[in-house]
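Colleague: Listed below are the residues making up each chain.
4 protein chains.
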Amino acid sequence: MCRWLVYIGEKILLSDILITPQHSLLNQSLPNRALNTPDVKCSDYYNEKEHKKRNHNTNGDGFGVAWYTHIKHLERAHCFKSISPAWNDQNLVSISEGIESDVVFAHVRASSGSPISLQNCHPFKWDKYIFMHNGAIFNFSKVKKKIISMVSDEIFLNIQGNTDSEYAFALFLNVLNPSLKSRSFTAIELKDALAELIQIIMRLTGLEGPSSLNFAVSDGYTVVCSRFRNSLKSDPPTLYCAEGQCLQLIEIESPNPQSACFQSRVNKLTQKEMVINRGPYNKFAIVASEPLSFHQEDWFLIPRNHLLVLTHKKERRSVANVSCTLSESDNCEDSISIDSFPIEWDDSLMSPELDLEGH
Amino acid sequence: MCRWLVYIGEKILLSDILITPQHSLLNQSLPNRALNTPDVKCSDYYNEKEHKKRNHNTNGDGFGVAWYTHIKHLERAHCFKSISPAWNDQNLVSISEGIESDVVFAHVRASSGSPISLQNCHPFKWDKYIFMHNGAIFNFSKVKKKIISMVSDEIFLNIQGNTDSEYAFALFLNVLNPSLKSRSFTAIELKDALAELIQIIMRLTGLEGPSSLNFAVSDGYTVVCSRFRNSLKSDPPTLYCAEGQCLQLIEIESPNPQSACFQSRVNKLTQKEMVINRGPYNKFAIVASEPLSFHQEDWFLIPRNHLLVLTHKKERRSVANVSCTLSESDNCEDSISIDSFPIEWDDSLMSPELDLEGH
Amino acid sequence: MCRWLVYIGEKILLSDILITPQHSLLNQSLPNRALNTPDVKCSDYYNEKEHKKRNHNTNGDGFGVAWYTHIKHLERAHCFKSISPAWNDQNLVSISEGIESDVVFAHVRASSGSPISLQNCHPFKWDKYIFMHNGAIFNFSKVKKKIISMVSDEIFLNIQGNTDSEYAFALFLNVLNPSLKSRSFTAIELKDALAELIQIIMRLTGLEGPSSLNFAVSDGYTVVCSRFRNSLKSDPPTLYCAEGQCLQLIEIESPNPQSACFQSRVNKLTQKEMVINRGPYNKFAIVASEPLSFHQEDWFLIPRNHLLVLTHKKERRSVANVSCTLSESDNCEDSISIDSFPIEWDDSLMSPELDLEGH
Amino acid sequence: MCRWLVYIGEKILLSDILITPQHSLLNQSLPNRALNTPDVKCSDYYNEKEHKKRNHNTNGDGFGVAWYTHIKHLERAHCFKSISPAWNDQNLVSISEGIESDVVFAHVRASSGSPISLQNCHPFKWDKYIFMHNGAIFNFSKVKKKIISMVSDEIFLNIQGNTDSEYAFALFLNVLNPSLKSRSFTAIELKDALAELIQIIMRLTGLEGPSSLNFAVSDGYTVVCSRFRNSLKSDPPTLYCAEGQCLQLIEIESPNPQSACFQSRVNKLTQKEMVINRGPYNKFAIVASEPLSFHQEDWFLIPRNHLLVLTHKKERRSVANVSCTLSESDNCEDSISIDSFPIEWDDSLMSPELDLEGH
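Protein chains in written order, with our numbering: chain Z, 1 to 359; chain Y, 1 to 359; chain E, 1 to 359; chain U, 1 to 359.
Treat each hint with caution, since some may be false.
Copies of the same chain look alike in the list, so a pair counts if it fits in one copy or across any two.
[What the hints assert, rightly or not] 25 angstroms max Cα-Cα, derived PhoX-like pairs, lysine-lysine: (1) Lys181 x Lys272; (2) Lys52 x Lys72; (3) Lys142 x Lys181; (4) Lys52 x Lys145; (5) Lys53 x Lys146; (6) Lys72 x Lys272; (7) Lys49 x Lys11; (8) Lys233 x Lys128; (9) Lys53 x Lys145; (10) Lys272 x Lys144; (11) Lys233 x Lys41; (12) Lys125 x Lys144; (13) Lys72 x Lys283; (14) Lys11 x Lys72; (15) Lys128 x Lys11; (16) Lys181 x Lys125; (17) Lys233 x Lys283; (18) Lys145 x Lys125.
By construction, these hints were calculated from the structure, which means they are not laboratory data. Since the model is a prediction, treat every value here as computed from it, not as a measurement.
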């Protein structure tokens, strides 16, 4: 289990989302911190013990940051990864303060068993596609060989580590195949591919037990995120979204005491309060395992078993419903029936378009 | 602030003290664990807040292990250090299971500010001497230049990192000088040198504020440890000692749940209960920031502001009193008067000799 | 392509083979050094360009050391690996000087494409078995999926990295299956399993092109090594063997100038000359990609396409012939016909037993 | 001894100077490569053996990259450092392709003795100042304490490693003191400070023996470089400069064979030929230990014992003469007399202004 963050919108300094905010992703990695997970108790499936198990308070098994450039109209993804805990890495703060981008992925890892290695750090990258995951595929070891047999040789040989997450990315790329490099995909196609990925994993393991599948994927233009867990007894890990017209970082007198000692050690930066102003035309969106601020009203908890699609400029559809009808009659408490797993595009959950052109 | 451990006695597999025990040093490094610090509330100076501040529950800023060999009657110290958290290092368990030694030092670091680097990991080594520290020298930055001017060029040039601990080691070596390489020192001489080190630090900073000086030093034959803090308001970090004739590691059904997930990830070893049997002739002693077991009766808390001397075979004197008489009249709450700082050898605290020859 | 070394015999300090000798494995890793490969030109297949290609003079992509302990009659293998070049690692020298063992494997890596990661460093370990490789499987990417389908789930899931070498180890373990953990194997069984591994790889890729398969494997008691390449145009990487009754390291005045600067930086040790005295009963053997000394007479070049079996105490059979009859009619210059690949035990090449009991 | 590179001019993608060119800085780090040092034999002091000693062909002891941003008119320097050899680092290529800047420093290290650690990797950074060095201060260990006594406490406490280079930076900052943070400095002031630094080092060690002092320093607006060695027997390490209006990278058929294997492993990029077009108004300048291309005519060797000053937009003065008159009467072959060491601004060597505004 891990924590991750996606930013899409006007160019932002990476440190303004990764480092500076009071509850930045760096803070979300720290040992002994308190969780910031508003609204989780409203769920019918809330279970305190499961909630703690699924939302780690220490995420120190390496990290990764990815960002896009669009030089000469070419989407290119760039990664910086490290096996150090984010709070101890001696490059992260300096690099984050020196890069601006309009699509940013970042991930702090809490390994559920696979080794601490660069190859197992998220985000994963293939050509212009990046992908990350918070959660775990149930009994992954039992389906690993099966997944290998399902994907093309080219995609298989690109797998470098041994996490379930990277194999999920391989399956995702395989869904997009065979035209992967020859053309681009629409937001709808990417959303459908992520939904298809979840369905494939359900077909492979869904009857066996619950998987948590909080995925994020991008091509540099569209971002698709999922919050999913096939369980009637517990929720997926948390995932929040905020969008706005203007993002402000305001000096505060007393920093978050939980992280004061680490923060001062790492970067000597004053922690700042993140304030998000909404307007008629939103210019950015942030999706994160936990809100980056303590302003609850700025963040909404993405409903369980939903997809979120975010794109630059047009056709932004924020929420598409991936409803899973669970078989009530099933005695096995955590299983679901696979065939009743339609993907429905829920227009009532749509939000206004994200407009980056300005008005 | 850190956690450390010393073993002296019959040859032991390093993993039997570092990894396997329920509350091994590896466990003492873990995030979110509970402290195991019996008897601390008996002190007149106990203060819960200060106690927590001074006894970290996460020690993830690198670690180090040192052990001695005596091949061809030559004491040689060997080190393995890493900037990974001990619980994530992929060599520590395998190496520890493959080495036996009769004098072992180990240290898990929680940096109080200096960088995470191999050069700042304890133990420090110079020729056959090894040294480690839990604590901090008050306002070290103000006396760093002064310390440099005090030590010989040879010792100064051997300093590789920038911790107060390594500079304390330099001062210690300087006290032993100039005959450092040409001869060996008796246990008494090493004890006097460590006491002298504490006095030097007191002279440099004692009137300014409190320093915590839990040191351990060895030449491969004698070990001297200190538990010291010049404060009337708070205690030094904890330091415990156990000695015995026989050390057993017993399978247990339910491992310490605090560390179960890390333990299983790191090494898949069953945690074991450490049982220490005393006899008429003790064959080993362990000094550690926290007991390695939950058998309180096996461990005694070393009194504040005391030295402990442990040697192979003979002249073992377990406790030498380094009493510091604090000036009652001083308004500054944490200062002590330096001149009333005699070192008294307290025979009433002596324990029977540690006998490694067997009977 | 890499360099590796095996030691079997009376207990030895690891540094006495890895670090101290003039042409130690550490030296064999250094940039810009000269190769020490006597006798290679005697081969009918010698080709200078291919020789240089196959015997790297820089091996800086990480390293690994494995050694055995036999505490309570239990063979246990221990590993230390690092992604630093051996010459830059700050633990290697100190650790090597602090460990003695009777079976040692060590490997300095020159990656032929897979990432620099701990998981890709040799030796590989499974239970009490260790394995390492110098060479490459031809077109490994084309048979990787096939290999996965061939090995048991348990063995497959133990694969952590992505080198052809680790997959070869998986195939080797699979040959020993299914009784892998329940019993031990004789030297003959281990030799047969390594020969079978080479045959499997030949069946998978042998008609496609040449593979270099210099393997070493051990269970802590027996060591089996191979020097193999299915080519009529070039030789396998070099592999030498020395055995003796007594190993001496003698002070020399002028160290090997090639490595003087590195050597002094790493360890300040005087390089020593390794002298091997043979006697009626040999007490140790060393197999290495290059001789550790410049005394050519102490080392013999293992013939191409041969196996070497070394065991403690008894039934030591030094050379078993793995002859490969090459199809003369084949136009493809580097292919061989697979069916004419019998393994013949060549008694004429046997050497006297290695006797560790003393006389 | 190391290799370094400075870029100043219009914004450039970091990979376009660090990675892509045929003889990029990455290539200059590789083992077993050939030096690319045109014109060196024209010097009266050329000495082949000394030349090789002073210009390493392997620079694998870590590396560092620094770049500036000017967000909200604030010069800020950012660093990425690693202890891996540049050719093995798994972040360098991806990061370099994702960052553009107008002032870039990069350094590949070949340690002359101090440990391989992040703290010892160049460039060094203090506030907005960055600094790097190729060379060594003669008998640095003898003057290290003296230097500490010379610099202010604030500057001393900022020293994190133990290279002579970082201590030289401390001396440089001390020359700029005490107004360091309160104001900016002109190009002339920075040049004078670097000249003063060289003079201070000469006063400390100049009579003892030769130091190589190829420094580069910047405040994000001006760059000052030196090529200096106080010796009548040998030259400083090489240092070249190219300037132009337009920089092109052209596809080539056959990459530099020396680095083909590494290059393909690291980044799968096609190496490109760097072509520099001069115009009436130069828009960028590159200073590097070796030319990045094999077009000798694009690069001039900076004369020994000279400074080079490069600034954005105005008052660019390319070469200021730091002449050192050597005492002919001195028998000690490598010493110089200190008092005859005036800094002369040589107008004849000035080049036209570097103009970034365009015309």
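Colleague: Evaluate each hint against the coordinates.
Modeller: Here is how each hint holds up against the structure:
1. Lys181 x Lys272: between (42 angstroms within a copy, 23 angstroms between copies)
2. Lys52 x Lys72: Classified as neither: same-chain Cα gap 46 angstroms, cross-chain 42 angstroms, threshold 25 angstroms.
3. Lys142 x Lys181: between (31 angstroms within a copy, 21 angstroms between copies)
4. Lys52 x Lys145: neither (31 angstroms within a copy, 38 angstroms between copies)
5. Lys53 x Lys146: neither (28 angstroms within a copy, 38 angstroms between copies)
6. Lys72 x Lys272: between (35 angstroms within a copy, 18 angstroms between copies)
7. Lys49 x Lys11: neither (39 angstroms within a copy, 44 angstroms between copies)
8. Lys233 x Lys128: neither (37 angstroms within a copy, 42 angstroms between copies)
9. Lys53 x Lys145: neither (28 angstroms within a copy, 35 angstroms between copies)
10. Lys272 x Lys144: neither (44 angstroms within a copy, 33 angstroms between copies)
11. Lys233 x Lys41: within (13 angstroms within a copy, 43 angstroms between copies)
12. Lys125 x Lys144: both (20 angstroms within a copy, 21 angstroms between copies)
13. Lys72 x Lys283: both (23 angstroms within a copy, 20 angstroms between copies)
14. Lys11 x Lys72: Both. Shortest intra-copy (17 angstroms) and inter-copy (14 angstroms) distances satisfy the 25 angstroms Cα cut-off.
15. Lys128 x Lys11: Cα proximity of Lys128 and Lys11: in one copy and across copies (18 angstroms, 23 angstroms).
16. Lys181 x Lys125: within (14 angstroms within a copy, 39 angstroms between copies)
17. Lys233 x Lys283: neither (37 angstroms within a copy, 54 angstroms between copies)
18. Lys145 x Lys125: Cα proximity of Lys145 and Lys125: in one copy and across copies (22 angstroms, 22 angstroms).
Hint compliance for this structure: hints 2, 4, 5, 7, 8, 9, 10 and 17 are not met, and every other hint is.
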